[in-house]
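Asks: Below, each chain spelled out in residue letters.
2 protein chains.
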Amino acid sequence: MKKFFVLLLFFSSYSVDLFSQQALWGGNNIVSPEIHDDNRVTFRLHAPNADEVQLSGDWIPSEGWMPGTENLELKDDGVWEFTTGVLPSDLYTYFFLVDGVRVLDPANVHVVRDVSNLFNMVLIEGGQGDYYKVRDVPHGTVSRHWYYSPGLEKNRRLTIYTPQGYEESSQHYPVFYLLHGMGGDEEAWISLGRTAQILDNLIAAGEAEPMIVVMPNGNVHQQAAPGQSAVGFYQPTMRLPQTMDGEMEQTFPDIIRFTESTFRVKTGKESRAIAGLSMGGFHSLHISRYHENMFDYVGLFSPAIMPNENVTSPVYDDFEQSLNQQNENGYELYWIAIGEDDFLMDAVEEYRDRLDRIQMPYEYMETEGGHTWKNWQQYMTEFVPRLFK
Amino acid sequence: MKKFFVLLLFFSSYSVDLFSQQALWGGNNIVSPEIHDDNRVTFRLHAPNADEVQLSGDWIPSEGWMPGTENLELKDDGVWEFTTGVLPSDLYTYFFLVDGVRVLDPANVHVVRDVSNLFNMVLIEGGQGDYYKVRDVPHGTVSRHWYYSPGLEKNRRLTIYTPQGYEESSQHYPVFYLLHGMGGDEEAWISLGRTAQILDNLIAAGEAEPMIVVMPNGNVHQQAAPGQSAVGFYQPTMRLPQTMDGEMEQTFPDIIRFTESTFRVKTGKESRAIAGLSMGGFHSLHISRYHENMFDYVGLFSPAIMPNENVTSPVYDDFEQSLNQQNENGYELYWIAIGEDDFLMDAVEEYRDRLDRIQMPYEYMETEGGHTWKNWQQYMTEFVPRLFK
Numbered sequence: 001m002k003k004f005f006v007l008l009l010f011f012s013s014y015s016v017d018l019f020s021q022q023a024l025w026g027g028n029n030i031v032s033p034e035i036h037d038d039n040r041v042t043f044r045l046h047a048p049n050a051d052e053v054q055l056s057g058d059w060i061p062s063e064g065w066m067p068g069t070e071n072l073e074l075k076d077d078g079v080w081e082f083t084t085g086v087l088p089s090d091l092y093t094y095f096f097l098v099d100g101v102r103v104l105d106p107a108n109v110h111v112v113r114d115v116s117n118l119f120n121m122v123l124i125e126g127g128q129g130d131y132y133k134v135r136d137v138p139h140g141t142v143s144r145h146w147y148y149s150p151g152l153e154k155n156r157r158l159t160i161y162t163p164q165g166y167e168e169s170s171q172h173y174p175v176f177y178l179l180h181g182m183g184g185d186e187e188a189w190i191s192l193g194r195t196a197q198i199l200d201n202l203i204a205a206g207e208a209e210p211m212i213v214v215m216p217n218g219n220v221h222q223q224a225a226p227g228q229s230a231v232g233f234y235q236p237t238m239r240l241p242q243t244m245d246g247e248m249e250q251t252f253p254d255i256i257r258f259t260e261s262t263f264r265v266k267t268g269k270e271s272r273a274i275a276g277l278s279m280g281g282f283h284s285l286h287i288s289r290y291h292e293n294m295f296d297y298v299g300l301f302s303p304a305i306m307p308n309e310n311v312t313s314p315v316y317d318d319f320e321q322s323l324n325q326q327n328e329n330g331y332e333l334y335w336i337a338i339g340e341d342d343f344l345m346d347a348v349e350e351y352r353d354r355l356d357r358i359q360m361p362y363e364y365m366e367t368e369g370g371h372t373w374k375n376w377q378q379y380m381t382e383f384v385p386r387l388f389k
Numbered sequence: 390m391k392k393f394f395v396l397l398l399f400f401s402s403y404s405v406d407l408f409s410q411q412a413l414w415g416g417n418n419i420v421s422p423e424i425h426d427d428n429r430v431t432f433r434l435h436a437p438n439a440d441e442v443q444l445s446g447d448w449i450p451s452e453g454w455m456p457g458t459e460n461l462e463l464k465d466d467g468v469w470e471f472t473t474g475v476l477p478s479d480l481y482t483y484f485f486l487v488d489g490v491r492v493l494d495p496a497n498v499h500v501v502r503d504v505s506n507l508f509n510m511v512l513i514e515g516g517q518g519d520y521y522k523v524r525d526v527p528h529g530t531v532s533r534h535w536y537y538s539p540g541l542e543k544n545r546r547l548t549i550y551t552p553q554g555y556e557e558s559s560q561h562y563p564v565f566y567l568l569h570g571m572g573g574d575e576e577a578w579i580s581l582g583r584t585a586q587i588l589d590n591l592i593a594a595g596e597a598e599p600m601i602v603v604m605p606n607g608n609v610h611q612q613a614a615p616g617q618s619a620v621g622f623y624q625p626t627m628r629l630p631q632t633m634d635g636e637m638e639q640t641f642p643d644i645i646r647f648t649e650s651t652f653r654v655k656t657g658k659e660s661r662a663i664a665g666l667s668m669g670g671f672h673s674l675h676i677s678r679y680h681e682n683m684f685d686y687v688g689l690f691s692p693a694i695m696p697n698e699n700v701t702s703p704v705y706d707d708f709e710q711s712l713n714q715q716n717e718n719g720y721e722l723y724w725i726a727i728g729e730d731d732f733l734m735d736a737v738e739e740y741r742d743r744l745d746r747i748q749m750p751y752e753y754m755e756t757e758g759g760h761t762w763k764n765w766q767q768y769m770t771e772f773v774p775r776l777f778k
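These protein sequence lines map, in sequence, to chains F and U. The first sequence begins at 1 in our numbering and counts up one residue at a time. The second sequence begins at 390 in our numbering and counts up one residue at a time.
You may find that some hints are simply not true.
Residues from chain F that face chain U, not an exhaustive set, calculated with beta carbons under 10 angstroms [claimed, not checked]: (1) 104; (2) 126; (3) 127; (4) 144; (5) 168; (6) 261.
Covered, in the sense of this in silico footprint (three residues per stretch, anywhere, with C-beta under 8 angstroms from a C-beta of chain F), are these stretches of chain U [claimed, not checked]: (7) 501-509; (8) 537-544; (9) 592-603; (10) 676-685; (11) 712-722.
Simulated from the structure, these hints should not be mistaken for lab results. Where is the CB? At the ideal position from N, CA and C, for every residue including glycine.
With these hints in hand, go ahead and build the complete structure from the sequences.
Replies: What follows is the structure, encoded as structure tokens:
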């Protein structure tokens with residue numbers, strides 16, 4: 001028996017060994033980010049041989065599309081450091097630039113992918129950020145399912161959130177279909193969008209009805225997110241074919257049929273909502289108009305409005321007529337939100353004029369900022385509490 | 390109407406703009422890794438200001454615990470490059486070291502976390518690697534569920550794989566409980582372990598029975614993987630309390646009760662398998678012995694054998710008596726596998742001697758290499774086809 005213990009002491013020392021070696025390896029002895037009590041944040045990177053270390057963060061102002069950068073300062077022992085001002089409660093993303101090379105923080109494994117780039121995450125509590133945090137509340141189930149789309153003749157992948165209690169109850173739930181933007185896929189809303197956390201927190205607070213959220217892949221030529229289909233580990237791109245050519249709208253009933261035959265859901269129009277961001281807002285606009293009696297709740301988050309002029313599809317014919325029909329059929333909520341600096345603002349204003357002209361009721365929310373996940377996360381916390389009430 | 394099109398042209402040009410800017414940002418115009426027809430692989434990184442760029446890869450031999458490194462060579466335009474020899478079909482992980490700073494490949498978003506470090510993945514097809522690839526076969530569903538453990542008085546998270554067809558059929562399935570190692574959590578087997586791909590591929594080939602795989606969190610003091618509980622975005626560590634103190638073994642029936650009351654499963658001993666790697670092998674050994682009539686299939690992958698000598702728990706009393714009882718109760722398969730260079734080899738040899746001494750039947754497999762995910766992935770492809778037949 002004694003020999004077993006000796007061997008296990010070896011096992012214990014193994015993990016210590018591995019730990020200290022990993023420290024050399026992954027920078028485990030560096031604390032970064034360090035969130036201070038007053039919500040300033042210190043970022044650190046061990047890079048003794050670097051000439052310049054910068055921090056790119058989505059809260060740092062900039063002139064163009066890219067987030068701004070701050071310069072880190074070299075401190076003792078080869079550690080570079082930068083401390084922000086006080087950050088409002090929110091979920092932020094960042095990365096380092098070490099002599100121009102994009103580097104994820106080795107002291108922070110919490111990363112998220114936005115199309116073809118990975119970012120580290122840091123969450124500041126005490127306000128809006130609390131919606132995005134995993135809190136000590138009942139948690140729903142998040143699943144990745146495959147379904148067959150007869151319209152696209154493909155097996156395709158989607159993400160589904162079912163609220164806590166779904167498995168134990170015999171209740172039927174309403175369904176919220178939630179669509180991603182250009183370059184996104186069925187992973188976007190559950191990762192960048194923090195959908196599970198937002199729903200868990202809103203439902204636990206009694207601010208939202210328990211509901212199922214279906215997050216499909218809106219790129220009709222794709223079966224699944226990069227790396228999740230037989231295509232293999234390819235690098236994602238914004239440039240996908242067939243993203244706004246009518247096929248997503250036409251074949252959307254395949255997703256509804258799968259959902260309604262697989263999950264315990266309520267199946268009336270009054271129990272269906274659809275929303276999306278950017279291209280997903282475009283899809284939501286046209287799906288809800290083309291299938292003009294399918295949804296009682298429509299959300300357009302920073303939406304694109306019209307297809308490219310070389311696109312021909314029956315979906316985009318009779319635009320105004322189908323809007324009028326949707327209006328006549330009636331709905332509970334048609335909700336549009338956009339950031340004041342969004343490059344799609346003019347298109348959205350023109351669309352609102354059109355809705356006013358045909359007397360189609362909608363609600364409108366304008367926020368700060370532009371075409372950003374911060375806005376789309378916030379729109380979720382505004383839109384979801386309005387559903388199915 | 391014309392104005393809409395003009396706006397949408399702006400929208401189109403936006404994505405082009407963003408794409409080219411992302412190229413500057415994320416290195417999208419660099420192809421890395423590039424897998425050649427003969428299974429050599431070229432790695433590339435744009436780092437014009439670097440003095441030294443190295444590649445760390447888990448196929449590169451080394452003296453110690455860490456994978457070896459190769460030096461990249463500076464080519465034109467600030468791009469560093471290295472081409473491997475021919476790599477056998479498998480799933481490999483790697484990262485760069487740029488002047489000593491750990492850098493993930495910006496041209497490859499396919500990353501995986503091992504405890505506190507992120508790695509890029511590259512998959513070489515045409516052999517063993519084909520088990521780990523998403524292939525054009527029917528796909529099961531992967532879910533993250535929360536359950537309540539009365540024994541641990543905690544809500545806890547686990548990962549579940551249900552085979553393709555589960556949702557549509559009324560069939561009951563056998564269950565395979567699959568446990569992670571030290572520093573791991575309920576994400577380890579589904580990400581690093583490629584469990585969903587292995588099961589999809591084995592089931593589609595008719596090599597394995599359709600089954601449910603339950604991947605719990607074996608760290609009893611944790612509710613969930615780092616970032617997935619109310620603790621927030623903390624940095625993972627190998628050093629967790631209470632990992633091998635008997636509590637996991639004692640409270641394991643909570644996980645079985647949850648599974649058997651939530652999913653359509655067969656509930657006899659003949660329909661339960663348990664296996665795990667390293668600490669999870671330890672847990673599997675002791676769970677199957679302590680609850681000595683619960684599993685017909687037991688798999689110990691590079692297992693630790695005995696607890697630290699300062700641990701006291703009723704689980705580890707009457708060790709040999711309970712093994713004898715397990716033996717007497719009978720089982721279909723007791724399967725042990727380990728790499729020839731594994732630091733746990735002596736402990737496993739001693740344990741096999743003990744099993745021989747008490748005439749407890751088992752099967753044994755020895756592979757090349759050490760305490761690695763390559764071995765554990767391979768053991769899955771060997772063990773799973775043996776279950777429930």
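Asks: If a hint holds in the structure, say so; if it does not, say that too.
Replies: Evaluation of the provided hints:
| no. | hint | result |
| --- | --- | --- |
| 1 | 104 | holds, 6 angstroms |
| 2 | 126 | violated, 12 angstroms |
| 3 | 127 | violated, 15 angstroms |
| 4 | 144 | holds, 5 angstroms |
| 5 | 168 | holds, 8 angstroms |
| 6 | 261 | holds, 9 angstroms |
| 7 | 501-509 | holds (count 5) |
| 8 | 537-544 | violated (count 1) |
| 9 | 592-603 | violated (count 0) |
| 10 | 676-685 | violated (count 0) |
| 11 | 712-722 | violated (count 0) |
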